[in-house]
Structure formats: structure tokens, C-alpha cells
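Working from the sequences, and respecting the hints, build out all of it.
Protein sequence lines, in the order shown, are assigned to chains X and E. So the first sequence is numbered by the working numbering: it starts at 1 and just counts up by one. So the second sequence is numbered by the working numbering: it starts at 1 and just counts up by one.
Hints listed in this document are in silico derivations from the structure and should not be mistaken for laboratory results. Just to be clear, a hint being listed does not mean it is correct.
It does not matter which identical chain is meant; a pair holds if it fits inside one copy or across any two.
Straight-line C-alpha distance at most 20 Å; calculated EDC-like pairs for lysine to aspartate or glutamate [to be verified]: (1) Lys128 to Glu218; (2) Lys128 to Glu211; (3) Lys128 to Asp221; (4) Lys100 to Glu233; (5) Lys135 to Asp204; (6) Lys100 to Asp39; (7) Lys100 to Glu140; (8) Lys135 to Asp221.
There are 2 protein chains.
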Amino acid sequence: MTVQTSELADFISPVPSDVIDAAGRLRNVAIHTPLLQSDRLDALVGGTVFVKLESLQRTGAFKFRGAYNSMSRLDRSRCPLGVLAYSTGNHGQAIATVGKLLNIPVTVVMPSDAPHVKVEKARDQGAKVVLYDRKTESREAIAARLGASGGYALIPPGDHPHVIAGQGTAAFEALNALPANSTQVILVPCGGGGLAAGTSLAVDAVNSTAEIWAAEPENCDDMRRSLESGAREVNQPNATSLCDALLAPTPAALPFSINQRRLSGVVTADDSTVLNAMRVLFEEFRVVVEPGGAIAIASLLANPSLLRGRQAVVIASGGNVDPELFIRAIS
Amino acid sequence: MTVQTSELADFISPVPSDVIDAAGRLRNVAIHTPLLQSDRLDALVGGTVFVKLESLQRTGAFKFRGAYNSMSRLDRSRCPLGVLAYSTGNHGQAIATVGKLLNIPVTVVMPSDAPHVKVEKARDQGAKVVLYDRKTESREAIAARLGASGGYALIPPGDHPHVIAGQGTAAFEALNALPANSTQVILVPCGGGGLAAGTSLAVDAVNSTAEIWAAEPENCDDMRRSLESGAREVNQPNATSLCDALLAPTPAALPFSINQRRLSGVVTADDSTVLNAMRVLFEEFRVVVEPGGAIAIASLLANPSLLRGRQAVVIASGGNVDPELFIRAIS
Numbered sequence: 001m002t003v004q005t006s007e008l009a010d011f012i013s014p015v016p017s018d019v020i021d022a023a024g025r026l027r028n029v030a031i032h033t034p035l036l037q038s039d040r041l042d043a044l045v046g047g048t049v050f051v052k053l054e055s056l057q058r059t060g061a062f063k064f065r066g067a068y069n070s071m072s073r074l075d076r077s078r079c080p081l082g083v084l085a086y087s088t089g090n091h092g093q094a095i096a097t098v099g100k101l102l103n104i105p106v107t108v109v110m111p112s113d114a115p116h117v118k119v120e121k122a123r124d125q126g127a128k129v130v131l132y133d134r135k136t137e138s139r140e141a142i143a144a145r146l147g148a149s150g151g152y153a154l155i156p157p158g159d160h161p162h163v164i165a166g167q168g169t170a171a172f173e174a175l176n177a178l179p180a181n182s183t184q185v186i187l188v189p190c191g192g193g194g195l196a197a198g199t200s201l202a203v204d205a206v207n208s209t210a211e212i213w214a215a216e217p218e219n220c221d222d223m224r225r226s227l228e229s230g231a232r233e234v235n236q237p238n239a240t241s242l243c244d245a246l247l248a249p250t251p252a253a254l255p256f257s258i259n260q261r262r263l264s265g266v267v268t269a270d271d272s273t274v275l276n277a278m279r280v281l282f283e284e285f286r287v288v289v290e291p292g293g294a295i296a297i298a299s300l301l302a303n304p305s306l307l308r309g310r311q312a313v314v315i316a317s318g319g320n321v322d323p324e325l326f327i328r329a330i331s
Numbered sequence: 001m002t003v004q005t006s007e008l009a010d011f012i013s014p015v016p017s018d019v020i021d022a023a024g025r026l027r028n029v030a031i032h033t034p035l036l037q038s039d040r041l042d043a044l045v046g047g048t049v050f051v052k053l054e055s056l057q058r059t060g061a062f063k064f065r066g067a068y069n070s071m072s073r074l075d076r077s078r079c080p081l082g083v084l085a086y087s088t089g090n091h092g093q094a095i096a097t098v099g100k101l102l103n104i105p106v107t108v109v110m111p112s113d114a115p116h117v118k119v120e121k122a123r124d125q126g127a128k129v130v131l132y133d134r135k136t137e138s139r140e141a142i143a144a145r146l147g148a149s150g151g152y153a154l155i156p157p158g159d160h161p162h163v164i165a166g167q168g169t170a171a172f173e174a175l176n177a178l179p180a181n182s183t184q185v186i187l188v189p190c191g192g193g194g195l196a197a198g199t200s201l202a203v204d205a206v207n208s209t210a211e212i213w214a215a216e217p218e219n220c221d222d223m224r225r226s227l228e229s230g231a232r233e234v235n236q237p238n239a240t241s242l243c244d245a246l247l248a249p250t251p252a253a254l255p256f257s258i259n260q261r262r263l264s265g266v267v268t269a270d271d272s273t274v275l276n277a278m279r280v281l282f283e284e285f286r287v288v289v290e291p292g293g294a295i296a297i298a299s300l301l302a303n304p305s306l307l308r309g310r311q312a313v314v315i316a317s318g319g320n321v322d323p324e325l326f327i328r329a330i331s
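If you want it as C-alpha cells, here you go:
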């Protein structure tokens, strides 16, 4: 592949201070999203939970953080055709929005079954969208083919140090907003693992002793199996879930090298628990969280033994859901 | 009426510095709600709009601010029976929640047609709820009868200087978060007028030159008619609107004395525009705003000549809506 991943080699691993640096870069650009708590939610999960509401982030997901942190550092002379990205939706939308903000041309490769709202919003931002069939094609191969002529910077959703460091700023903000060392557990949604990896760096950046857990859909538990086996396992090709944002087929390599070292474990939940979590978040906080964004809350509901009275930060990672599915959740 | 309105006389008018004082009292207690902007919304209303999202406030409405600011100052020896409040819902819920927080007994008088979710949440906080028929009874009379034996502190939703000052902290936060004097218009939902009055004080507290506008349901436009006539006009007894939070029959006296002096005017919207505004807020920000909370955005959609390219802060004042009505808005 002749596509460059910005000006960095593929596998320079980010370090905790990169999160502090990213937080500085994102100040007054990203939304400092609120931390919300509800007595009813606490009772349901058996602990004290602060929900970091990244559905309110620009573009409706934490992905804006990594997109801005990486694209704002690009050497434009090395990518005259702009940025190429592949995404189940939220990363693509973030890349498209930052492209418009920074005046960088963007091409996004998205699955044809991504929520309509995500495809349309990327196009609204001026991005060129290339659709592919998730069941028969590989997004990496399509991105490589498009990029074969050179001139693009490829910014993948996980395998990029500045993306990982940017994603870590969500947990960094949350940890800094709470009393030092009051947070005993951090639980984040997990697709490719970029958010979990960035969160691990954030925990180290503030010298927190919190355990870091990842949450996955029950039948797309590649991270859980990968941590067990010590190698990057793959989901069944026909595995599906309402959590469209978390359908990456296998853990991304660079985040996995961090997650393998730092994660305490993985918890999962099924689709019906995810819908229930979406309803609880609607009722308690009057917010719209997409299925993948609700997986961490759902996993707490499904695994009541995890918290045991402890205090947790849980990231509600995104809110881009079609009205039909949201109505199904709250009906 | 032998009910005392906390330790203050009914009509001591609050001043701008009271908002600064309230903001200090609410720091680390109220949620510092985010300001959200969307290019699509800006295009729809013909200006730049920052939405102050008070639906994310504790209890789901800005009313928490005034309730906490007033109740945290109570002399408990003067109200051994606790606090008595009447409310279309959000004020009662806020008083109930603060009562639980500060360990003060609360009795709330609510209309029997208030959204079920609001009644239940007040009861969940341990408040005693007294229901009445909004069409045949007066909430003030019921509150007076209950309070006739003495021992209660009455905290009305509008006619209370500490409530008004507390409500002003929402606009105060928004104005302080934006560059000085960049805000040319502030537009707030208006029922009894407490939020508008507090907002006026906040504008003066930061020496802003912004115009202050109120937004009302089209057929409950008592504030608009009152500003025109110079006296507190009354809505038709059978006037109704989806905006249950804004159905106060007439402007409250103390806020009106401030609003009469400071408001630039009133804009209105009908129910179908309110539903449309709720859908736009769902689509652009993934949030749940109740009809009364969306009236200011709806009024901008209905009155495109108001902004004319100017920059505005608009308060989305609350999010307590039954799922059925929210589904109707986003379907």
C-alpha cells in the first residue's frame, strides 16, 4: 500500500503525554461534554456511575477528538489529495467534518448498510463517500486500492497514534473533573479498540489506579477472545448486532498492543439489553445514545457483579441513530 | 395567606449581583450545561445560534438552579414543615430533588394533567404531591389553604428573588463561555417569566448589550399581550398547548416588574412548529427537549426575521417529555 498514514509510521505507539498534548489541541474546539449521574441508574448497576456523554460531542461521537488531533497535524504537502478514511460511520463523519473545518479534501469508505443518517451527514460535510458491501468486501482493500495512486493520507479509525491519543481525551476530561483517585473503574465501548487504548493512556496520564474495562456486543466479542488467546481473533463473518459502530471484524493492531497490556477485562451485552440501556439513558438524562454508545451501560446492567459498589466512569460514546431504531428502544 | 416566602418579603426585587452570587452557590452542584451549535440549525433560523442545553440540568430543567439557590438559603427554624411549592411540573420536581439533597421536607401542588413522568419523579424524590384540576381550581388557592396553618416556606416558581437569580445563572454561564459582546440576542422560553427575568439580570451582570426576547406558545401569549398593555394579562381559561411547562395563566408579578423594563419583545410559535423544533434538536444534537423547552427554537423557525444574521444564545429549558409525545415529534 502506498498510502501514507499521515507523517508517521504505522506503529509508533502513543504515550500518556500524547493525551495531555491532544487535550490542549482540542481545547475550545471539541465540546467539553458533561458527566451525568442518576440515583436510579446507580441502583440498577450496583455502583456509582458517571456517564461521559460523548453523544453531545461534535458529529455526535467521540471520534471527532481523534480526527481533529490527527488531521490538525497533517503535513499537507505530503497528501495533496487530502485524507482517505474507512469507517462504520462515526469515524468517517468526524473525518469529513474536520476536513471541512480545516479545508482538507476527504474521501470516506463506508459500508452500504451503515445508518442512512451517517452517510448523509458525511456527504453534507462535503466528503466523497465510497460505499461497499461489508459482507463481501474488505474496507482495508478498498481503501488501499483507492490510495494506490498515492497522494492521500490514510487515517484509519484505530491504527494511528494521534487518533488513539485524541480518543483518550474523553476519559482524561472525566478523570480530571472528578476528585483524584475517586474513579475505580472506567468502562468504554469497544469496536477496534482505539477508545479503550486512548483511555488507558489517559488513566496513566493522570496517575489514576482505575481498572479499565471494555464493553462489546455479545456475539461480536473479538476483543474478549483476543485478550484470552493473546492474539487478534476475528468475529464470525455473519456476526451482527444493533451496535453498528462496533462491527469491526478484529481488534486494530496498534490499540491492541496497548489494550493487551492495560485492560482488566471485557464485559458484553446482548441487543435487548442494549435497547434497555438506551431507554434508561433517555429516561434519566433525556439524551439519545446509539446502540454502540450504550453498550457500556448495557454491559453493566448485564454484569451486576462488576461494580460491587465501586465508582465508575462510563463513556456513552455516540448518538447517531436512525429515528426508527430509537423509537423502538423507547417504546 | 400566612405562608412565608422563605425569609424574604414577597417583592424584594433581585439585582444583577444576585446572579453572580447564585452562580457561586451553584458551582459544583448544578451541571455546567454545554452550548451547542449546528450549521443546519443556523441556516434554518438565519443566524448563529448557541443552544444552552438545560434539558441536561439536574431534574431535566433549569428549574434546579432557582430551587437550589432559594432552598440552600432557608432558615429552617422558620419553616418546620419544610417547603411548599406549586408547579406545572419542572419546578416541583426541582424543589423535590433539592429537598432530598438538603434534607428538607417538600409538598408539591401539581395539576392532574401534568406529564406522568413529572409527577412520578417528584414522588420518587420523597415529595408529597397534591394534585388539582387546572381548569377548575387555582394552584395559588390550594397552596394557600395547605399553608394556612403556617410552618411552611412557600417557594413559588416565579415570585421569589432567589429563584429568579438562580434561573439567571443559565444565561450567565452561556454569556461567560462566549467572547465578550459576541451575543446580540438572548431568547428564552417564557411561562410565568422567571427565566426571562433572571436572564435580564444576567445580561446586566456581565455588561452585555444583548437584546432579551421571550418565546411563548401562540395561544398562551399572556406575556406578549401584557408587555403591550403594560398590565399582567390573562390567558383564555381553556387555552392549551403542547408546552405544558408554559401554561401559567398570567405573568408572575415580580418577574414582570423586571421583564417590563428589560425585554425587547416576545415571539411565538404554534404546536406543529414546536414539534418540528424538537425534531431538529434530536437530529442535530441527539437530545430530548420537551415542547416548552423547544419553544424558543420553534419561535426562531416561525420568525425568520428576528435574527437577520445575528448571533444568539437560545435556552432549551427542559427535557421532561413522555415517550409517546417525543415519538410523535421525531416520527
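Now the hints, each set against the structure:
Taking identical chains as interchangeable, the C-alpha atoms of Lys128 and Glu218 are never at most 20 Å apart, the minima being 33 Å within one chain and 43 Å between chains. When the C-alpha separation of Lys128 and Glu211 is checked against a cutoff of 20 Å, the pair qualifies neither within a copy, at 40 Å, nor between copies, at 41 Å. For the identical chains of this complex, Lys128 and Asp221 are neighbours neither inside a copy (32 Å) nor across copies (47 Å), given an alpha-carbon limit of 20 Å. With identical chains, the CA atoms of Lys100 and Glu233 are never at most 20 Å apart, being 36 Å at best within one copy and 50 Å at best between copies.
Taking CA atoms no more than 20 Å apart as the test, Lys135 paired with Asp204 passes in neither setting, with 38 Å inside one copy and 60 Å between copies. In this assembly of identical chains, Lys100 and Asp39 lie within 20 Å of each other by CA distance solely across copies; the values are 12 Å between and 41 Å within a copy. With identical chains, the CA atoms of Lys100 and Glu140 are never at most 20 Å apart, being 24 Å at best within one copy and 54 Å at best between copies. In this assembly of identical chains, Lys135 and Asp221 lie within 20 Å of each other by CA distance solely inside one copy; the values are 18 Å within and 56 Å between copies.
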